[in-house]
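Given chain A, put chains B, C, D and E with the ligands in place with the hints provided.
Protein chains in written order, with our numbering: chain A, 936 to 1352; chain B, 3 to 291; chain C, 944 to 1286; chain D, 944 to 1286; chain E, 21 to 289.
Honestly, the hints are just simulated from the structure, not real lab data.
Careful, some of the hints might be misleading.
Heads up, incomplete: computed chain C residues facing chain D, CB under 7 Å, no partners named [claimed, not checked]:
#, residue
1, E1044
2, L1141
3, D1145
4, G1233
Which stretches of chain B does chain A cover? Using the computed rule of at least three CB atoms under 8 Å from a CB of chain A, they are [to be verified]:
#, region
5, 108 to 119
6, 142 to 152
Here a beta-carbon is modelled for each residue, glycine too, at the ideal position from N, C-alpha and C.
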Amino acid sequence: GSGASGPDPVKLLVFGAPEELGAYRTLIEAYQDARPGERVQLIEASDRKDLLARLATSVAGGAPPDVFLMNYRFYGQFAAKGVVEPLDQRIAGSTLDPADYHPVAMDAFKWEGAQLCLPQNVSSLAVYYNRTLFTRYGVPEPKAGWTWNDLVGTATAMTRDARGLVIKGTEAEGAARLPAVHGLGVEPSIIRLAPLVWSNGGEIVDDPVKPTRLALDSPAAREALKNLIDLRQAYGVVPSDAEVEAEDDESRFLNGRLAMLMTSRRATTNFRTITGFEWDVAPMPVYRQPVGVLHSDAYCMTTGSKNKDAAWRFMEYAMSADGQRIIAATGRTVPSHIEVSRSPAFLDPDQPPRNSQVFLDAIPTVRALPTVSTWPEIEDLSYGILENAIHRGDRLDDVIRELDVKSRPMFARGEHG
Amino acid sequence: MLAPYLVGLVGLMLLPALVTLALAFTEYDLLRPPTWVGLDNLTALVDDPIFRVALLNSLVFAVVAVPLRVLVALGLALLLHRRAPGVGTARTATLLPTAVPEIAYGLLWLWLFNPLYGPINQLLRLGGEHGLTVLGRTPPPWLTDPTSARAGIILMSLFTMGETFVVLLAARRALPRDVYEMAALEDATGWDVFRRITLPLMAPVLALLAVRDAIASLHFTFVPAFVVTDGGPPPYATTYLSLFVYQTGFEYLRYGYAAAATLVMMLLTVAALLVQWRLIRRYRRFYQV
Amino acid sequence: MSGLTLAGVSAAYRDATVLHEVDLAARPGELLVVLGPSGAGKSTVLRVVAGLEPATTGRVHIAGRDVTDLRPGLRNVSMVFQSYALFPHLSVAENIAFGLEVRDVPRRTARERARAAAETVGCAGLLGRRPGQLSGGERQRVALARALVREPDVFLLDEPLSNLDLTLRVEMRAELRALHDRLGATMVHVTHDQTEALVLADRIAVLRDGRVEQVGTPEQIWRTPASTFVARFVGSPAMNLLPADAAVCRTGDAPPLPEQPLEVGFRPEAVTLDAAEGTPATVDRVEVIGEDAYAYLTLAAGHRVVARVPAARRPARDESVRVGVRWADAHLFHADSGRRYVP
Amino acid sequence: MSGLTLAGVSAAYRDATVLHEVDLAARPGELLVVLGPSGAGKSTVLRVVAGLEPATTGRVHIAGRDVTDLRPGLRNVSMVFQSYALFPHLSVAENIAFGLEVRDVPRRTARERARAAAETVGCAGLLGRRPGQLSGGERQRVALARALVREPDVFLLDEPLSNLDLTLRVEMRAELRALHDRLGATMVHVTHDQTEALVLADRIAVLRDGRVEQVGTPEQIWRTPASTFVARFVGSPAMNLLPADAAVCRTGDAPPLPEQPLEVGFRPEAVTLDAAEGTPATVDRVEVIGEDAYAYLTLAAGHRVVARVPAARRPARDESVRVGVRWADAHLFHADSGRRYVP
Amino acid sequence: MPERAARLWRTLGAAFVLLVFVPPLLLLVAGSLTEPGLPPSPTPQLVPDPLSTTGYQRAVELGGLLRASLNSVLVAVLAVPLSVLVAALAGFALARLAPRTTTVVVAASLVALMVPATALLVPRFAIFRFLGLTDTLVPLIAPALLGTSPLYVLVYYLAFRAVPADLYDACLVADLSPLRTWWRVALPLVRPVTAGITALTFVLTWSNFLDPLIYVYDRDLFTLPLALRSLSLLDPTNFPVFLAGAVLATVPALVVFALAQRRFLRPDD
Ligand SMILES: Nc1ncnc2c1ncn2[C@@H]1O[C@H](COP(=O)(O)OP(=O)(O)OP(=O)(O)O)[C@@H](O)[C@H]1O
Ligand SMILES: Nc1ncnc2c1ncn2[C@@H]1O[C@H](COP(=O)(O)OP(=O)(O)OP(=O)(O)O)[C@@H](O)[C@H]1O
Ligand SMILES: [Mg+2]
Ligand SMILES: [Mg+2]
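Isolated chain A (complex conformation):
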C-alpha cells in the first residue's frame, strides 16, 4: 500500500456472474461519489466455492477482506468460528434502524443473540412461467393459492413435443419423441424441497435451533419428497438429467422450452434479457398452508478487519435506501429494506415480471433453514442423493435413510448459533 494517500480501501468480497459483479461496482462508485475520500475495493470471486476458498485462506493467512457478502445458509461456519464481527453496538450508535428491514432476514443473521451481518435482500422461491406458451396451448396460468396437484396438472399439460402435442416425458426415455417443451424445472436440492415439506406440515431437521439430523422420515416430509421425485419419475414433466446436463433449466426457460421454473428472485436479471416471449412469476404452490423459504445474503464484517470503521460506513451505505435501490435495480434482489422493497425500485411495472408483488407477499410466510456450521457439507451431500432419487428413481425409503445416516456425522460435527 505504499504511495497511496488515504487509508487502505475497504475490501469487499463478493461473488457472482459478470453482470452481478457489475452491480456491485455501480454500488461502490455511487458510494465513493457520495462520500468523497472513502475507497472500496471489490474482490471478485466467480462462484461460492471461489469465495469460500478465498475467504478461508485470507483469514488463515491473517489478511481477511473487511466485508464479505454471504448467504445465511453458509455463514454459519464463519459465525461459529468467531470470524464475523458482531454489529449490535455499531447499529446502536448509527442511523441504521433495524426496524427498517424485514425481520425475517435480520433474524437469520443473528448468532447466539447477536446481529452478525446485515441482510442485503430477502428473497424466496417463486414459480416463473412463460406466459406466451401458456397462452399458445390454452392452459390456465398459475395463480395464488394453487396446490401441488394444480402444479402437477399444469406441468403435465405444458409438457409438449415438437408438434405441440402433450407428451409424457417418461415415455420419451430413449424413445423416438423427446419433449420440446417441459412443464417444469426444479432443482433437486434441500432448499427447493424445504418450503414444500414445511407447507405440508413437515420439518427438514429435527430441531430448527439445534438440529441433530434430517427429519425427512415424517409422513408429511415423505409425501412432499415423493411428490417432488414423481415429477420426474411418474410424470416426466421435468427434464431428465441428461437434458439438464445438456442445457440447464435457466437457459431452457430463456430459450422458451420450459413452461415453468421454480427458482428465486435471482433469475430475474437474466430473464429480463428475454425478448421472444412474455413471462411472469407466480407464488409457490401450497399443500396445507403457504410457507416460503428464505433466500438472503448479508454483508458481514470480519473480526480480523483492520479497517472496521470504514467498513462499517460502507455497510451503512449499502444498507441504506440509496444503496439498496442500486442493487435492486439489477432486478436480482428483493431488497431487505422494507420501504425500498415497496418502492418502484423493486416493483417497477415497466420491468418484468409484472407480478413482483409475489415476492413481497411471500415474506410473512418465509422460514429460514437452520444455521449449522456444517450446512454446506449437508447441502452438497443431500444434493447428490436427491439428484439420484429424482433422475435414477432410487427407492424412497433408501433415499431417506441414506440422507439421514450420512448427514448425521455432519450434524454432530456442526456448531449452532
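What follows is chains B, C, D and E with the ligands alone, placed relative to chain A:
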C-alpha cells in the same frame, strides 16, 4: 547457482508442505488456531466413506489412465517417429491439447461432452435415427452417468499426454537404427520387433514416465473434476483425492482433516514410487556399459 | 554354394548418389574384400546387398536369384554391422539365437546352435553376459557368431575389426580367414584398412567415391594398381608419384619413356639411397619404425620422395644422399586420367 | 621453457586405483609419448596433470611449480582431448579463440591469434564452419589449434590421431612432429599406436595397468625392451617368445645361455627361413603385405613362430622350411617376472 | 517397395491423428464464432450460421479480457524467463556438484513433485502476507523460483549430465568460471531442452488458475484464467462468449508451442 532454486524449493514447496503435513495432526478450520488431535484425523479418514470413494476413484484412475496415457503416447511416438508426409503436422497436433490453458480445456470438454448438443454425441448419432447411434443404442450420457463420467475424465487426460509423447518420441529416435536393420535382416515380424526390441529398449523411459504420471495423476484429476464434473455425477463418481482435499479444506473448512488426506495421498505416492523404483532398478542393470 | 552379383547398381541417400553403377561379383566360396577410404560407399554396397537401402538402378543377384525387390528378411544373408548392432537388452546367447527364434526354430534347438556358433568364434564362455559387459573384441565375436549361426547364401561383414587395437586385430584377422576357409562360404568383407585387405582377401575391390576403381587379387592390386588412386591408397607410406620426366636416376632395366604426359609411381621400397650415380637429394626427416626406417627426401628438382631403408643404415637428417629408383618396380600412369599406362 | 614431473602419483576412480605411484618426467621442450594398451591409465595421467582428477598420492610439478593442489585453470596447460571436446555450437574460429576470450583478451586480438593458430595447423580455411561440418581429420586440427593458440607450459595431447584413417594419420603425425620441433614446446602425447609412438617420440613411457613399465627413447624401447610386455606390445606382428631352451637354430654370434629359467624373444625380422642347418618347421599360413610377407610357422617342437620374409621370396603354405634366429637380435627375459635379463 | 508402403502407412496414421486431435479445437473456434444467445444447434457446425464475432466483443467487455491478457502477459514475461533461468542454473549446478549434494536435492525435488498444489495454498498465503506481497502479481511470479515445477529442474539436470564431460573439462582447463561455463557452453548445447521447457513453463504459467484465485484480489490484477473462469459462469446460451475467451487465451500458448516445437523436434532423420 543452486541458491535461487533452493530458496524456492524450500521456501515455496517443502516448508509449506511440511506445515500442511504437520497440520494433519491437528484440528484446524483455517479460522481459529489449530488444536492438536494426534492421529484422530487419520483414524477418522479410515471410516470416512467419501474419502474411501475418493481414494478408490484416484487409484482406479491411476491404474487405468496412467498406463493408457503412456500407451497412447507410446503408440503415437512409434507412429510418428519417422518422417512421412503429414507426420510433422501430426506431431504438432498431438501437442495442441497440452497447449490449451487448463480451465479452457476443462470447459471445452464440458461442451464436447454435452449429452445432447455436444459434438461427440452428435458425431456418435450420425447416421442413426431418433437420437440413437447407428447401432441403435443411446449415446453415452457422459457426465450424468458414473461410468461414462469416469471414462470421460480419463479420455480428457489422454488428450493431454503431450509431454509424455515428446519424451517418448525423443527416446524412440535415440534408439540405435542398426538394431532394427538387424532385425529386418532376420526377417522378424513387426510384432516380434515390438515385443523383443522396442519395448525392452524403451522400458526404462517408459517406467520413468509411468512414475511421473503416477505422481502427477493425483494432480491432473483436479481441474477436470473441479471444472467439468464437480465431483459428480452423484454421489461421488469423480470425486478424486485432489478434489476431496480441496473441498474438505476450503469449502468445508476442515483443513486439518484435508491435510491428513494429503498425507495419505503422499504416502501412497511414495509407496507407488518405491515399487516402480524397484522395477526400474531391475531394468537398469541391463543398460550399464 | 552361392555367389553374389551386383550389376550396374546405383544407390542414393536423399538426392546424393553415393554408388554409381557398381558392377561387382563374388564367386561362390570367395572372400571378397571391399576396400576404400572413409565415405567411399563401402557400407552402402553391403546395405544394398542386404536390402536395407534400395538400389536406384541395377540388379542384385544372390545365389542366382534376383533379389533386387525382395525385402531384407527374404534375401538369406547374414550381416555383421560396422557397429555390431547387438541387442543391448539380450544376453549373448539370446543375441546369437535371435535370428533363429524369430524364424520359429524351437527354443532348445536354437540355443544349441547358438552355443555351437559361439564355440566356433571362441566366445562360448560369455553366453550369459550382456553386450554391455563385454570388451570390444568380445562384442565383435558375438556379432560374428550371430552371423554364423545361420547358413546364409552370403556373409556380409562391415569393418568387423576396425574397433580393435592392433594386437587384437592381427589375431582376429587370422581367425576370420581360418573361419572362411573352414566354412567355404561366400563372404564380402568391407574395410578401409589396406593391410587387412591384403592379408584376408581372395580378391579386393577398391572403391572410390561410389565407383569401383579396380578389382583383383591382392597381388594384382599391389603389383599392378589400375590407377594412381589405388596405387597411393594401398601401401604406407603412400607410393611416390612424380612426373615421368622428373630427373630421377633409374636403376636396373629402364626402357625409354613413351612420348606422352605420364606420371611415374614407385613405392618407398623401390627407392635406394646408395645408388652410385643417383639423383642428389637431402633428407628432411627420418621415421624409424622398428627395423625399418622411412626417409623423407627432397630431390634436387624439388620433388618429395619417401624411401624405405633398414633402420640400421638410415641416413641422418639433413644429410645429402643420392637417390635411385628400381625401375622394374615403377608404375606408369596417364598424367591426365590417372589410369595405368599400358604400353 | 618448462618441464613436467610426476612424483609417486596415484589416482583412483571411486575405489578403483588406476595409477599406482607413477614417476614420470618430461624435460623442457621434450615430446614424451605415453604408450599403452586400452585401459592402461594413459588418459588418467593427462587428467591428473591437467588437474581434472585429483592425485591421491604424490606431487605434480609443472615448470618447477608444485601444482598438485591448484585448480585446472591455474596450471597453464593446454589439452587436446581424446574426443576433441570441440564446442558444437561455436564456429571453428570461436572454438579456437575460446581460451583467449575467457581470459579477457580483447576480441580483435583473440581473433587474430586464432587465425594464426589455424594457419599453423592448416585449417585457416575452415574458420567459419561449425564442428559438425568438419571431417574427423579437420576436427583434430581445430582441437590442436585451440591448444596452440595459447602459450602454455605443457601441451597435453590425448590420442589426437586415433580416429583418423591410415593415410590421414601418417600425414598428421608428420605435421605434429614438425610443429613440436618448430615450437620447441613440452608435449605429452598419449597413444596406443606403437607406430605413432616410435615415429613421434623423443622418449616413450610404456604404461601397463597404471604402472610405468619402461621409459626410454624409441630406439631403447625397440632394441632393449625392459619386459616381455613391452617387447610384445611394440612391433607387429608381436615378438616371438619361446622358452630359452627351446630347440631353435641360433645364427650369428650365440653365447651360451645362463643357467636359469629364461625366455627368449625375437622379432619376425630376426627369423631367417633359409638357414642351412635351421630348425625344421612347417608353414601354417602366409600373410602378404605389399613387399613384405609374414610366415606363420610351427616348429618341430610345437612352438609357433612368425617370420618376416620378402614377399617375392615367401614360402608356400604347408611348405617345410628351416628356421634360424639371428641371435644378435634376440632378447632374454626372466621366465618368472618377465623382466629383461641383464647378464 | 516396402519403404514406400511404410511411409504410406505412416501418413495414414498421421492423418488419423490429425483427425482425432484437430477437430475439438476447430469446433472450439467454430463455437466461438457462433452468435451468442441462440439456442444450441442440434448438429455440429464447422461454419456457424450466422457467423458472428459478437462472442469476442462480449468476452472482451464482460470478462475484462484485455486487462487480464495484459496481466497474464506481464506475469509470463517476468516469470517464464526467470523460471527457465532458475531451472537451468539449478539443473546445471546439480549436474556439476558432488553426487551426494545432487542426490539430496534430487530426492527433495521428487518429494516436492508429489506435493499437491492445494496443500501449499494456505502456508504460502501466510508467507506472502508476511512479505506484504498479497494482492500483487508477485505470488504468481514466485513459482518461477522453483523453475515452476521441480520436474523441469530434473529435466535440465539430465540434459546437462548428458553433455560430454570433456566439454566441461575443456572449460576447466581454460579456467572458465562455472557461471560462464553454463552460459557459454552448457546452455547453448541444450537449446532444444530450453525450447521445450520454455513452452511448457509458458503454458503452465499462462494457465495457472489456483494461484491467482487465492492471491489476487484486485480485478485489475486478474489474469486470463480468472477472467475465463468468470466467463464460464455465463449461462449456456452465452457459451460462444466463453469459447471466444478460451480461443483468445489459447492462441498465445499455441503460438509459443508451435515456435518451440519446431526447435525441440527439429533434428530430424
Ligand atoms: N544415412 C545417410 N544419409 C545421407 N548420406 C549418407 C548416409 N549414410 C552415408 N551417407 C553418405 O554416403 C556416402 C557413403 O557412405 P558409406 O557409409 O557407404 O561409406 P563407407 O565407405 O562405409 O565409409 P566408412 O568407412 O566411414 O564406414 C558418404 O559420403 C556418406 O556421407
Ligand atoms: N570415470 C571413470 N570411472 C571409473 N573408472 C574409470 C573412469 N575412467 C576410466 N576408468 C578406468 O580407469 C582405467 C584407466 O582409464 P584411462 O581412461 O586412463 O585409460 P586409457 O589408457 O586412456 O585407455 P584408452 O586407450 O582406452 O583411452 C580403465 O580401467 C578405465 O576403465
Ligand atoms: Mg562404413
Ligand atoms: Mg584414454
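A quick look at each hint next to the structure:
1. Taking 7 Å as the C-beta cut-off, the interface hint given for E1044/C is violated, the closest approach to chain D being about 34 Å.
2. For L1141/C, the shortest C-beta to C-beta distance to chain D is roughly 5 Å, which falls under 7 Å, so the interface hint holds.
3. Look at D1145/C: its Cβ only gets to about 13 Å from chain D, farther than 7 Å, so that hint breaks.
4. Given hint, G1233/C at the interface with chain D, holds; its Cβ is 5 Å from that chain's nearest Cβ, closer than 7 Å.
5. With a cut-off of 8 Å between beta carbons, the region 108 to 119 of chain B has 4 residues touching chain A; three or more are needed, and the interface restraint holds.
6. Check result for the region 142 to 152 of chain B against chain A: holds, 4 residues qualifying (beta carbon to beta carbon below 8 Å, three or more required).
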